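The task is simple: from the sequences and hints, build the whole structure.
Per the working numbering, residue 1 is the first one in the sequence shown, and the count goes up by one each step.
Since the hints were made in silico from the structure, they are not lab data.
Keep in mind that the hints are not guaranteed to be accurate.
Cross-link-like lysine to aspartate or glutamate pairs, in silico, DMTMM-like; alpha carbons within 25 Å at most [said to hold, decoys possible]:
#	residue 1	residue 2
1	75	101
2	142	98
3	29	136
4	106	136
5	135	54
6	131	69
7	131	98
8	135	98
9	142	33
10	131	101
11	142	23
12	135	69
13	75	122
14	142	102
15	31	54
16	75	42
As the structure is a computational prediction, the values presented were derived from the model and not from experiment.
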Amino acid sequence: MQNQTAHAHHITDIIKVMNGGIEFYQEAKTKLDDSTYNAFFDRMIGAKTEAVTELQPFAIDQQGEVETDTNNLVKARQAYTKLISKISSESTAFTYVDQLEEVEDKVLEELDLALERNQTQDCEVTLRRVKVRMKECHDEMKALQVAAQH
Numbered sequence: 001m002q003n004q005t006a007h008a009h010h011i012t013d014i015i016k017v018m019n020g021g022i023e024f025y026q027e028a029k030t031k032l033d034d035s036t037y038n039a040f041f042d043r044m045i046g047a048k049t050e051a052v053t054e055l056q057p058f059a060i061d062q063q064g065e066v067e068t069d070t071n072n073l074v075k076a077r078q079a080y081t082k083l084i085s086k087i088s089s090e091s092t093a094f095t096y097v098d099q100l101e102e103v104e105d106k107v108l109e110e111l112d113l114a115l116e117r118n119q120t121q122d123c124e125v126t127l128r129r130v131k132v133r134m135k136e137c138h139d140e141m142k143a144l145q146v147a148a149q150h
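As structure tokens, then:
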């Protein structure tokens, strides 16, 4: 049995979810032409782009190449949101915020799965740092979701 401790585990899955989230936020910005949301979405895009950049070396370690794909679940949420917003324009903001909050949940879930595995020390340190930032994104999104309901 070969020693797996030198390899990063589950990193490509995290990057796929983050890439999907970045795309989703970019789309939301074009659909919700609202400076309040745009500034917020820009912060989310920035945080995820930074996290992907930090995690990419571990993805290369895991699979031998840079991960550029997106997660299918995130793509499905994006398609669902597009569909719903076509049907009812007045709930567009709430629909986007609601689905993006679900994406934030998924990001945290993937980070937790990676942290349960035996990672190299530098990978684990990076994952923990990324998780703190993504938890902040999630909490901000949750607050925005509550505000959008009222």
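For the pair we were handed, residue 29 and residue 136, check the Cα-Cα distance against 25 Å. Given pair residue 29, residue 136 holds - Cα atoms ~20 Å apart, limit 25 Å.
Does residue 142 pair with residue 98 here, judged by a C-alpha cut-off of 25 Å? Status holds; Cα separation ~8 Å.
Between residue 142 and residue 23, does the CA-CA distance stay at or below 25 Å? Answer holds: residue 142 to residue 23 is near 19 Å, not above 25 Å.
Agreement of residue 135 and residue 98 with the hint, judged by alpha carbon distance not exceeding 25 Å: holds, 16 Å
Checking one constraint from the list: CA of residue 131 to CA of residue 98, max 25 Å. Satisfied? holds, 21 Å
Is it true that the CA of residue 75 sits at most 25 Å from the CA of residue 42? Roughly 19 Å between the alpha carbons, so the hint for residue 75 and residue 42 holds.
Given the hint that residue 75 pairs with residue 101, does the C-alpha gap stay at or below 25 Å? Given that 25 Å is the threshold and the Cα spacing comes to 14 Å, the pair holds.
Has the given pair, residue 131 with residue 101, been kept, meaning a C-alpha gap of at most 25 Å? holds, 15 Å
Holds or violated: residue 75 and residue 122, Cα atoms, limit 25 Å. violated, 30 Å
Take the C-alpha atoms of residue 106 and residue 136, compute the straight-line distance between them, and say whether it is at most 25 Å. holds, 14 Å
Hint consistency between residue 135 and residue 69 [alpha-carbon to alpha-carbon, up to 25 Å]: Between residue 135 and residue 69 the Cα gap is close to 23 Å, so the pair holds against 25 Å.
Need the status of pair residue 135, residue 54: alpha-carbon distance at most 25 Å? Holds, because 16 Å separates the two Cα atoms, which is no more than 25 Å.
Of the numbered hints given earlier, the model fails hints 13, 15; all others are met.
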